[in-house]
Structures are given as C-alpha cells and as structure tokens.
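A.B. asks: If you want the building blocks of each chain, they are given just below.
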Amino acid sequence: MPASVLWAVDLFGRVYTLSTAGQYWEPCRDTQLEFKRVSAVRQCCWGIAADNQVYVYVCASDVPIRHREEAYENQRWNPVGGFCEKLLPSDRWPWSDVSGLQHQPLAGVALPSPHWEWESDWYVDENFGGEPTEKGGWTYAIDFPATYTRDKKWNSCVRRRRWIRYRRYKSRDSWAKIPSKDDPKQLPDPFNDLSVGGWEITDEPVGRLSVWAVSLQGKVWYREDVSHPNPEGSSWSLVDTPGEVVQISCGPHDLLWATLWEGQALVREGISRHDPKGSSWSIVEPPMAENGITHISVGVSVVWAITKDQKVWFRRGVNSHNPCGTSWIEMVGEMVMVNVGLSDQVWGISCEDRAIYFRQGVTPSELSGKTWKAIAASRECDRSHSGSSSSLLSAGCFFGDEVRASGESPAPSDTDTSSELDRPGPDQPRPADSLDSTESSHKGSPALAPGPDRPAAGAAEKTGQAEGPGEEASSPASTPAELPWTNIDLKEPRKAPGRAAPGLPEPPGLSSLGLLPLGLEEPYGADDHPLWAWVSGGGCTVETHTTLKWFSAPVGLSSAVQTLAPPVTPAQTAAWRKQILQQLTERTKRELENFRHYEQAVEQSVWVKTGTLQWWCDWKPHKWVDVRVALEQFTGHDGTRDSILFIYYVLHEEKKYIHLFLNEVTVLVPVLNEAKHSFALYTPERTRQRWPARLAAATEQEMNDWLALLSLSCCESRRVHGRPSPQAIWSVTCKGDVFVSEPSLDLEAPDHPLPCDQLFWRQMGGHLQVVEASSRGVVWGLGYDHTAWVYTGGYGGGCFQGLASSTSNIYTQSDVKCVYIYENQRWNPVTGYTSRGLPTDRYMWSDASGLQERTKAGTKPPSPQWTWVSDWYVDFGVPGGTDQEGWQYASDFPASYRGYKTMKDFVRRRCWARKCKLVTSGPWLEVAPIALADVSIIPESPGTEGSIALWAVSDKGDVLCRLGVSELNPAGSSWLHVGTDQPFTCVSVGACHQVWAVARDGSAFYRGSVSPSKPAGDCWYHIPSPPKQRLKQVSVGQTSVFALDENGNLWYRQGITPSYPQGSSWEHVSNNVRKVSVGPLDQVWVIASKVQGSHSLSRGTVCHRTGVQPREPTGQGWDYGIGGGWDHISIRANATRAPRSGSQEAGTPLQEADLDPDPLGTLPKHRASTPTPQALGLTGLLLAVSQAAHFPGEHGLCPKLGVSQLQYISPSTLTTGCTKWSPPERCSEAGTHQASALAGTWCTTRAHMEEDTNPPEARLGEAETKPLTALLQNHRPPWLPVLWPQLTPSPMGALCPEPREVGASVSSRPAQPLPAEPRGPGFSPRGQAGLGAEA
Amino acid sequence: MTDDRDVLRDVWFGRIPTCFTLCQDEITEREAEPYYLLLPRVSYLTLVTDKVKKHFQKVMRQEDISEIWFEYEGTPLKWHYPIGLLFDLLASSSALPWNITVHFKSFPEKDLLHCPSKDAIEAHFMSCMKEADALKHKSQVINEMQKKDHKQLWMGFQNDRFDQFWAINRKLMEYPAEENGFRYIPFRIYQTTTERPFIQKLFRPVAADGQLHTLGDLLKEVCPSAVAPEDGGKKNQVMIHGIEPMLETPLQWLSEHLSYPDNFLHISIIPQPTD
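Sequence order for the protein chains is A and B.
Mapping the first sequence onto the working numbering, position 895 (from 1) lands on 895, and the numbers just tick up by one.
Mapping the second sequence onto the working numbering, position 174 (from 1) lands on 174, and the numbers just tick up by one.
Treat each hint with caution, since some may be false.
Unchecked claim - Derived EDC-like pairs: lysine to aspartate or glutamate, alpha-carbon spacing no greater than 20 Å straight-line:
1) B/Lys58 / A/Glu599
2) B/Lys54 / A/Glu603
3) A/Lys676 / A/Asp705
4) A/Lys1090 / A/Glu1046
5) B/Lys171 / A/Asp705
6) A/Lys856 / A/Asp875
7) B/Lys235 / B/Asp217
8) B/Lys78 / B/Glu195
9) A/Lys1032 / A/Glu1046
10) B/Lys51 / A/Glu599
11) A/Lys219 / A/Asp240
12) B/Lys105 / B/Glu73
13) A/Lys578 / B/Glu244
14) A/Lys170 / A/Asp30
15) A/Lys609 / B/Asp163
16) A/Lys373 / B/Glu178
17) B/Lys53 / A/Glu603
18) A/Lys170 / A/Asp121
19) B/Lys148 / A/Glu702
20) A/Lys817 / A/Asp1127
21) B/Lys151 / B/Glu131
22) B/Lys148 / A/Asp705
23) A/Lys589 / B/Asp6
24) A/Lys589 / B/Glu244
25) B/Lys118 / A/Glu603
No wet-lab data here; the hints were simulated from the structure.
Everything numeric in this text was worked out from a predicted model, so none of it was measured.
Isolated chain A, as found in the complex:
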C-alpha cells in the first residue's frame, strides 16, 4: 500500500504528520501557522488556525491542478467587410461563453484567488473535435446557435473560435487561507469546528469533497464546490439547524453527524450525489441523559462519540439506510476526542496522557475493534535531540549537575521573548513572525524551542481543557510558584494564538525562565512524548494487513533505515554479503569442480507427492471427474530434477492414466472462479489444441500447494530460477496473474524462429492488469485500480511461498475492481416501468449480456481471493450516459441505450457496481500517488547508458513523463506533466524517443523533439486515425509504429522517415487483435481475440508476427502461442538478436578481411560463418539496393525499403545467375511457399497453409504477392542495421541520419549467406495465415 499520513495537532498548535510507513512525526511543511483543528483527507487537509481563519493545505502531487478558462469569439459575415465583429442586435456577445448567453471578454476573466497563477496567455484552440482546423481556429455555421463545422461553406454566415487559457493552483504544500465568510456588517462569528468528508458519496465525480464548519454561534456552514480541481471551493452557505451546534463530523460517504450544546447528536439525512448537503436533521439522544455528547466522529458505517464524562461510545447499526443507527455501546478508555479515518479506523486522544491511541482490530466485520494501542512514534526533532542517551536517563537526571553546567546565559531568550512583546496588534495573523521566533528560539535558547519535551502532566491537563486560547494565557501568570517547567510549557500556547491578551504581563514567564538552566532540553527528551490536541485520520489508510511501526519507540537510526529503504536493503549491498556469496561460489568451485565424477554419498530416490484432485476430462461429455494424481520427481546425477505428473482415472471400470512431463509443461495457470479452485497445465501440443489439462482441488490451500510444487518442479526441470532476466517477456492474464518468460536466442530468428507455443512461462506473484518491461531491467505494472507498481527484483509471492519465493523484495499488494450487474425494466401502460418483463425478456437482474441472471444477493466476488469492500451502488459512468437515477433507455433489449427517455423507449436498464478487493503479495512496490491508465518504457538495447525514458497517462488522461528512472532506481523520482488539450488514453515511447499517444477521441498524436536532454519534447502533432476507426492503443518499437483500433484492427504506420517521423498513412495489417506490443527489434507480438485450435477455441492468445524484417516491417503471418485468457503482453524488453543459424554453413568461405560483419557493433560476437557465393552476390545486391534506398541523396527516403524501388533493379544484375524473375502471376498456388531465391520463384503469400489448424474460411484476406520483398525478408542479414539507432535528434527536432558514405558502406557490409534449406516441407505450417479464427 502507499504510504499515507495521519495528521495531528499538538497542544501548541503545531501540525504534524505520521506516515503509515514511518516511525516519526514530521512537522507539517508549512510551519508558519498554528492550528486548533485539522480535518484531513488524502489529497488535502483543512484546518482552523489560531487566528480563527480557515486554511486548506493541498498536498503537492506531480500533476498540477489546472483549470481551463475559455471564451468564444463570435463573428458574423457581412457583405462589405467579410467576417467582422459587428453582430446583429439579436446576436450573442462578440465575446461570450460557449452558450453565447454570457458576455465574456478575455480581460474579464480573473484568477479566482491569489492561490492561482496563469500558465500562459490566451491562445486560440485550433483543435476541433480532435481534428485540426484551418488557421485561426474558426468554426463556421449558418447562424448562432447551430452546428459548427470546420470548413467554411457558401452559407456560413457566422463563425466562432475558442480561446483557451489555463490557470494553475500554486499554493500546494502550504496553508492557503480561505476568505472569511463574515459579512462586515454583522458581528464576526468565527469558526469553531470543521470537518471534511463526502469524497465517496456514491458515484459522484472523483475528487469532490464536502466541507462542513461550525461557527462559535453554533451555526453550520457548508463550503460549496470543493473538489480536486477547485480545492478552495467557492463560498460558504448556511445550513439551518434545530439548535446550536458545537461540533460536526462528516464521513467519507453520506454520514454527517453533529453535536448540540444540549448534548444530543444531530444526524443529517438525505445526503446523496444530487444533494451533498442533505435535506433534513434528526436528533439522536445521548447514551445517558446526564452526560451529553461533547464530541462525535463518523466514518462509512460507524459513529463514535465522547460524552461529558469522557467515556467513549460506539453507535450500533449505522449505515446509509439508517444513518441514525440503533443503540449506543460503551467502550473502554477515556478520551478527549476520537476521529474515524479511512476504512472506519479510529484514533483517539487519551485524557490521561494526551497520547494518540489507535484502535486495533477494526475490520469490516468487527467495526468496534479490539483494543486501544498508544502510538509511540516520536517526533523528528526529538530524535535529533535525545538520541542514544535516552534510555539511560531517568527522571532524577532532570536536575543533574551536567544540566546546570551546560546552562548558558538566558540573555538571548530574553531578547527573543521581549521582541515578541513588541508584536503588533493581536488579531493579525503573523505567520512570518512566528516562524522567526521559532527559529531564533531554536538557535538561541533550547528551553524555548517548541516543545517536544514537555512532560508535565499538570500543564497538559490545563492546556488541554482550555481549548480557547484566550484564558489559558493567564494561567502561567497566576501560578508562578509551580514547578518551573510548567511555566515554560504554558508559555507556548500563549505565544501561539494571536488573540492572547496583549497587555498580559510576560515577565513572570520570563523570570521563571531565568531560573531554568537552558540545557534542560536534553534530559526532557528522555521519557517524553508529545501531548496532542487533535488528530485526523481521514487521509490515513490502515488496512488489516498493514504493519505499522508506530507502536514501538524506534531503536537507533540503522534499523529505521533498513526498514524504510526498499527495494535494495543495505544488507543486500553490504560488503560482507557480497563477500560471502563470492566465497561460497569459490568454495563450490574448489571443492567440486574436479570431483564431479565422484559418487554422491546420498542417493536421490524418487520422491512422490500424491493426492486427489478433479480433472476436466478430455472427452465428451466434458465433466469434472475424480482422479488420483501423483507427482514423481527424479534427480539426476548432476543434481537436475525432472518430474512426471500422473493422472489416474477410471474409464468403464478400467484404470487408466495420462501423464505429463513437467519439462514439457509451458505454463501453469491458476483458474480461480466461484465454483472451482482449479488450474490449467499447457504443453506445446495442448496449446495447439487449445485444450489444457485442467485440474481442480477441493480447497484454495490445496490448489496453491499443488500449484507451487508443480511450478517449482517445472522451473527446476528447465533450470529457471530466481529473478527473470532483463530481456524477459512479461504477460498478464485476464485474472490479473503475472507471467514471465525467458526469451531464447532464436525467438526472433529470421529463418526458423522458435515457435512461440514452446515458450515457458512462469508465474510471478502479484496482481496486475498491465505490465511493461524494458531491457534494462525496469518493469512497471498497473493494477486494476490503476495503481502503478514497480518491480523490485524479487520473485515469488502470492501463492508461491517459501522456496519458490525470494526472501526479500516481496511486499503486500492489493487491487480493487468493480463487479457490474444490470437491473432491467420494461414499460407497461398501466404501471409504467416495472421489473416485470415479457416472458421472452432477459432476467430482470442480469449480466451485461442479459443472458445470465445476476442478482444483488446472489452475485459473488469473482473468486475467493476477492472480498467485497463496498455495497452495491448505481454506476452513472456507463457509456451513453444515464438519467438522474442511472437509467438508460432503449426501444427493446438488446439495443443501444441512451441516457434519456423518448416516446419509443419501452425498456430501460441501469448498471449497479460493487467494489471488491484482493490482497496478495509479490515483488512489486507502489509508485504513489498518481493512478495511471497506461505506461510505456523505452525499448532500448541493453547496455545503453543514462536515464530510462518512461511515459505514462494518468487515469484522468494527463500525459506524464517520469524522471530519474534508472536500473538502480526503477521507480524514478518525479513526474513531469506534459500538457495536452484533451485527455489521453495511451502512450508509447520508441527506441529513439519517438513518443506516440492516443487521445480519448481515438486519434493519435506524435510528440515532437523528445530526446534524452529534452525528455518531455515540445509539442504534439495530430495524426488522424484510420478512416472511420477510433484508435485505442499504439506501440512504438525501434522504428515501427503499430496502432490498434477499437474494432480490433491492427494498423502499421507507413512512410515514417527520419525527416518525417509522423509517417504518411495507416496500413491495415490484421484484425482480431486486442493488444499489441512492438519490441526493440521491431518485432510484433499481439494478444489475439480468438484463436481456433484443434479441440477448442481460445480467446486472448499470445501471438507472434512472423516474417517481420526491416524490409517488411508488417511481417507475414502469425505464430500462435499460449492462450485462453491472456490479456496483455510486453515484448519490449527483448532485444536479444538471434545468432546466425548453423544451417548457413555451406559453400565457400568468404574473405573475411573484406567484410566487417558488424560494422555497427550491434551484432552478437559470432564471427560470420560461411555463406554461399550465391548468397554473396545476392546480398551484395540487396545491400546496394538498401543503401540506395536509405541514402538516395537529400530526399531522406523511407528507411524501410519500398517494393516499388526494388523493382527498378533488374534481376540480370545478379551475379549469380541462379534465379529468374518471377512475375506475380506465377505465384499461383497458395500453399507453396517458395521464398528462396535459389528455388527460382520470388514470391510469397500472406495467407496460405494452416490447413490443419484453421478452417479455410478463417484465412485472412487476399493472397498478396511481393516479389522482392519476400526475397529480402528471407535473406536479411540479422545484423543489417536498422538505421534509427544511428540517428541523432537535430536541433530542429526532426531526426536525421548521420552522414555516411554510401559506397563505403556497401563494401563494408558482410554478405548474407543463404540458408541451405530455406523452408522445406518440414517447415511448420503454423502461423502463416491471418489471425482470423471465427468459424
């Protein structure tokens, strides 16, 4: 979980925060003010300061709070002067708002408060519905108000354009004063109490807050329009109450309670999304008539109260439907105040010692918790003062000699305090002054320093009771005879409130101060704890699994550092540790290397685990049958493990078994659902069949045991262990399970790539929706709740405990998602809409499709891992919009729904949502605080230096660029906000810092001038989407750009050149795609929607584009990998180039002196093997061609060789003479794949073969012939440079190639050997067709 903070105010009005991850109270950053009350939520904290003014402290985050002001400039055409500002008298204002009704001159738009600043000047919006407009941003219409179009037509009589200016909230991490409500004509009525809540009122806009305040006269005020984009709100409005209110508390949902002077509680009813102020009050009597309620605090479904006798009470039965609850229960403890925070956790301040107590054991099922536990965290200032001496000191030391001896002259403190006396009028807030005095007193006189060190209980009692600042000021004067430090204590609050009587004599305090040696501070630190006045937990998340370090006094700094600094603990970097690891390795080498042939003393016998499971049988009728399973593990002499899983079943009273070699298993997937704890085992064969072996256990624990053991056995037999390599491929299933696979060298081999169904995937702990990796080991993930997570380098977690898990770097992870059900109704003439449908209708409570019944009571969380964390609520955010009650209307089921009713609508539905939560563990740490919708990391080659480019889109649509990301600090340091004119949904950064993004309107954008030195680039270039399609995802590899639209079409961006990086047009590549990931080698992997196997159909399948070459970036066909339920893949870390294949070793050796096989240093250091002379000639030609295409002068042509250019080359120039040109019509038969030049036919088709796995009608599209491209793709030297890494950003922002001599580079390239047997009949037919699989 992210660290969140508890806010508290000490007796002296100083505000402190305590992080859930920390051990120390930290002073609020803005220390200039002293406070009486604070009320915190996650993003901000409201408070009433000692000057009785209200302040709001907005926590800084990386995304600025911006607000767009806009104004419309309207013009009318007139025959004389064309368009001009002269409008008709009936027209709107020349400058107006969007409706035209409000006059809105640019100069008239002012900043709402001094806490805002303008980001830039006004500018014209040239973007119209995602399309760029003509210069000037004008849009045209026949008349006002009408539909505006981009283009000027003959009948365009009016036009308008929009001016935009952004303002930004600047007072973050500081207290911003909220203007007083007081009417100057009336007597001032300062605020007395304040409470913030309401951020979770069902389905309200994110970030809205309810701020309630109580004035001294007992009136209740509500702050209007407080929300994240408007943190200050707009105005105070009075809410009538039946009596004089003294205190108020507002919960996160719809609870609002207040206390009356008479001791009763007031409960607000009718709070909802439409009426956050509520409608009426009802009264709840106190638990005992003689002791009225003095303080109240509410949460989601709890109310805690304090009565006059300081007893603590818990209200039973409180919830949204019954905000008054049923009865009071007395709790133990005597408290001054209590505060209910997030998830109904409770904090209190004890009467006895003024310490803050945390209620332990508060869970949804046990809201009243178990015990009070004191928070022992000390303040940071205490730490620096007391240090290690603390434990040695006792009370007797207070007056010890050394204290006196260290005493200095009290003179400096004298001057300090007397300077305070000279302060101007008491009612002025004096932030700067008080800061001054705090600082100077720190320097000059420790005794005056703000008091971490004032234990005196008597004083505490007094100050505590005397909330009003005025009276307590007098107490020190009246009690000069008390213990000296009492006086010092009380001096503080007197200084704090500005309303302290100005004429009050300071001298008593000073004189008593004079008695005290200054060195007293040190000993006081000993057993001291801060004395608290107020606590607010509204921004503090404590989950049941959270471990807090608040309750034990920290021991020494070292332990604090150890616990606070994940993911690399000092232990892991310490020299001693490195040395032990190194010595152990040396020892093993020394003692074992030459003696491996010795016999092992202990023979490894076969080890067996058996059990009873259920198996989803392979034949029809498919059903779960009880089976006995046995896992047999063998250990070879070299210590390697291998295992076989036997599944014994009975068929027709005959015992039979099937077995699986675990070294053939490619993935083990947990398939948890409501009914079964099951898991699936895939082998390459079963992947092709789309029919895994499915086994189910009786309990989740049993399933996890089997899963962990089998997974360990699979990893052992493949010798996969520990942290995945930086090149690993990551994927995520639709259940949020994370898998990782080690790429083999030949995965991207041009000739015989490893079939992707043979990839071995192992599971990582954690729960994610998206994972993105880079080849430098930086991996980020996003949860279902859009939380960003960074990979810590561990492995295991989740159900992989113990040996399958690393000891460190595993942390708790949680995720939240919504379950949706639909309420369907039909209209009938008598009763209107009712839940009585036609017999043919869908269930009245159903899933989205209407096919399955889903009732509120009967719907369970998706699997036992999930638990409900909210009640059902209406989801107003469904596409198409809803009416006020969340209904959507349509003429009949199933149809398209709209948010308003028309005459023709006979049915309606509304969507109910309920949140559920999952808690697991894994090698992930949260990157707080911004929730992300998408993330992308630069797909670099390994070994690149410098910081790693990482881009993201927040869940609100802001584009962000992460700074400071490196191997050592994979989480980076801060976000840089990249301005956009509309919300974005997706971003991708390519290997050369090309940043592409997709906006919410479905169009793409290219970010100009992004470079390591200018990580955020300069401006967006709009790129229209493919015709009639809205894009939803884009992925940029080294040079290739692929995009995906909402209909599952995959598009390749054509015409991208260094000088024109935006490209020219979209080329359709395939349909049936859900997700695409383009890697650093421009390799293309996707998640396909549907893939038909021989036994079954799978949805969500990992596929690899085959035949992707620099000359043919869109590739040829698909190779199908693991699938059935896969949701996401990231290939972006795999920069492993294939070594040259051994099949090329034929023919005469090349003169190596002539050829540098690796002119760019990118080739793996395999020396060139021995190509054929034919290959030499052919490749020589191809290189010449490619060079010509790459560097044809100053035109900067496409780095990907176009087919048309190739056709200018006559085949007769081939030196080998072994081939003849084959015109396209000769490539007749789909199914012959004669791509080899040696074979005589240079053609290939995109759709052929695949007879055995795909029905013929599933093949994609037309057979395409590509004469030379095919040849090229088969003979591309693996090292043939793709030019972009050589490119450096020019000052103009465009990319241009480094100059190079064409001729020289031709001769300096190696020749490409031809494969001896390019693609014989044995070549797998897999994956040459399109992805289409729908039968």
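Since the structure of chain A is provided, determine the placement of chain B on it from the hints.
C.D. replies: Frame of chain A, contents of chain B only:
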C-alpha cells in the same frame, strides 16, 4: 542480484570430495580399493557412509567386522560433528580429496561416541535442534510443531532434500517482527589449539543500544584470543562452511543463513596456514 535463498542452497549442497582408505592394520581377504565419495558438508559421517562400509566389508571376514570409525591424520573423527566442521577444523588447508582412514577395530572409546544405528544420529540431531530453538525462541517454535514436522525435518535432512527440510526449518528461522532477531544465537566455536571441545555461551544478536551484533563482536566477547592473538604475528582464520565471513557480518544474518541444519553456527577457528 543474488537472493539469500541461494546462500541456503549453496550451504546445503556443499560437498567434500573424500577418499576413504582402509587402515593398514585391518585384516582383509584381498586388497581393499580406496573408495571415493562426495560427502555432504552439512551431514554426519555415519549417516552417509553406508556405501563405504559396504565396500570395505566386502573384502573383510565377517568376524573382523565391528563398528566402523574414521580417522584423519591420527585424529579420530567425531561422527556427531557435521562433516563440514570436521573438514574445516582439521583438513581445510590440505589438498583435496580429503583422505580419511577407515577402521573397524580398536574403537577409540575415550574419543568417540558409539553410533549403534541411525536412530542415535537422529536423536543427536533432534536434540541439537531443540537446544538451538531453546536458545532462539525458548523452545516455543519446535514445541509447537507436530510430530510429523519433526519427522519431515529429519527425513529431509537424511535424504538430502533441501525443499523438504527447509519447508519446515524456515519456521525455526523466524522471529517476532517487533524484535530484531533471536533471543540468543545458537553457536559453537571450535579450536584445534585448545583441549576444550568447544565454546558455547549466551549471546544476543542485538546490543542494548539496538545495534546488530557482528561476528567480530561475538568473537571479541567469547573468544578474544581468536581475533587478537597474544603473540601478535600468528593469525587465525574464522571459518564457517569453508568460507571466512567478514567480521562485520551481522550475527543474526549468519545464524539465519549459515547455520548447519542442526540450527547451530559451527565456527572453526584455525591457525592461518603459514604458506
């Protein structure tokens, strides 16, 4: 980044190549070939030498066979010490393989315990574990275990099954979150130079001021001669599992990762080889 699991693995799978030779004094029917074996460092001699016994018994007459015992350069090898400890203490500076002499007669009664059966080893091993847990957790962890857990510990140890053993043993390596380590560290320090078999004292992993104790702290406290020899020039090696951890290594980490399966840190202090 290597994980600490790998340390456990390396420790567990430590092997010493050993050459067993029958003592000249033994009466044989024919020449006894030496026997070569990889001995697990963490195990006990009599637990893993069934093959050796069988090999030499083949060449001996039935009536000459009595309890087997081992000797290295004149020193009888205590079977109840882990093999790695015996090697580190006695033979770490000699060349590999380790030459062990096998005896069947004249059992050195005053030097060695009898080892009538595997049960004796099990009893010894389990009592070590219990003693270690008494030091670490006031025996709470080991007592809360079920009989089958104890059996799994022993079977895992006997059959050299790392996973089986550590599945249970990790519970013995845990400590309450609010503390920074075990109550006391179970350790034994062995020296060849003294008559005393070993040093064992109560020693806490964390100092009063919260600092973690290191290996150096331990040695300074319980065996000062090891770290600061009186005669100046002669230096000692502090060896565990054939390696010399730095004296700055926190003792708690050592105890969690470099303990033998009996949960004790067996530390050998041997004179630095002169060459």
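A.B. asks: Each of the hints needs a verdict: does it hold here or not?
C.D. replies: The hints, checked one at a time:
1. Taking the CA atoms of lysine 58 of chain B and glutamate 599 of chain A, the gap is about 18 Å. The hint holds against a cut of 20 Å.
2. Between lysine 54 of chain B and glutamate 603 of chain A the alpha-carbon distance is near 15 Å, which keeps this suggested pair within the 20 Å criterion.
3. With a C-alpha separation of about 15 Å, the suggested pairing of lysine 676 of chain A with aspartate 705 of chain A holds against the 20 Å cut-off.
4. The hinted pair formed by lysine 1090 of chain A and glutamate 1046 of chain A meets the criterion: a straight-line CA distance of about 15 Å does not exceed 20 Å.
5. A hinted pair counts as satisfied when its Cα atoms are at most 20 Å apart, and lysine 171 of chain B with aspartate 705 of chain A qualifies at roughly 17 Å.
6. Between lysine 856 of chain A and aspartate 875 of chain A the alpha-carbon distance is near 14 Å, which keeps this suggested pair within the 20 Å criterion.
7. This hinted pair checks out: lysine 235 of chain B and aspartate 217 of chain B have alpha carbons roughly 17 Å apart, not beyond 20 Å.
8. This hinted pair checks out: lysine 78 of chain B and glutamate 195 of chain B have alpha carbons roughly 15 Å apart, not beyond 20 Å.
9. Between lysine 1032 of chain A and glutamate 1046 of chain A, the direct Cα distance comes to roughly 6 Å. Compliance with the 20 Å bound is thereby established for this hinted pair.
10. For the hint pairing lysine 51 of chain B with glutamate 599 of chain A, the CA-to-CA distance comes to about 10 Å; that is within 20 Å, so the pair holds.
11. A distance of roughly 7 Å separates the Cα atoms of lysine 219 of chain A and aspartate 240 of chain A; the hinted pair therefore holds under the 20 Å criterion.
12. Of the supplied pair hints, the one linking lysine 105 of chain B and glutamate 73 of chain B holds, its CA atoms being roughly 17 Å apart against a limit of 20 Å.
13. The hinted pair formed by lysine 578 of chain A and glutamate 244 of chain B meets the criterion: a straight-line CA distance of about 12 Å does not exceed 20 Å.
14. In summary, the hint linking lysine 170 of chain A to aspartate 30 of chain A is supported, as the alpha carbons are separated by about 14 Å, within the 20 Å threshold.
15. Pair hint lysine 609 of chain A plus aspartate 163 of chain B holds up; C-alpha atoms about 13 Å apart against a cutoff of 20 Å.
16. For the suggested pair lysine 373 of chain A and glutamate 178 of chain B, the alpha carbons sit about 15 Å apart, so the restraint of at most 20 Å is met.
17. Between lysine 53 of chain B and glutamate 603 of chain A, the direct Cα distance comes to roughly 15 Å. Compliance with the 20 Å bound is thereby established for this hinted pair.
18. For the suggested pair lysine 170 of chain A and aspartate 121 of chain A, the alpha carbons sit about 17 Å apart, so the restraint of at most 20 Å is met.
19. Only pairs whose Cα atoms come within 20 Å are accepted, and lysine 148 of chain B paired with glutamate 702 of chain A is accepted, the gap being roughly 18 Å.
20. This hinted pair checks out: lysine 817 of chain A and aspartate 1127 of chain A have alpha carbons roughly 16 Å apart, not beyond 20 Å.
21. Between the alpha carbons of lysine 151 of chain B and glutamate 131 of chain B the distance comes to roughly 17 Å, so the proposed pair stays at or under 20 Å and holds.
22. Only pairs whose Cα atoms come within 20 Å are accepted, and lysine 148 of chain B paired with aspartate 705 of chain A is accepted, the gap being roughly 18 Å.
23. The suggested pairing of lysine 589 of chain A with aspartate 6 of chain B holds, with an alpha-carbon distance near 15 Å, which does not exceed 20 Å.
24. A hinted pair counts as satisfied when its Cα atoms are at most 20 Å apart, and lysine 589 of chain A with glutamate 244 of chain B qualifies at roughly 16 Å.
25. Our distance criterion of 20 Å between C-alpha atoms is met by lysine 118 of chain B and glutamate 603 of chain A, whose separation comes to about 16 Å.
Checked against the numbered hints given earlier, the structure satisfies every one of them.
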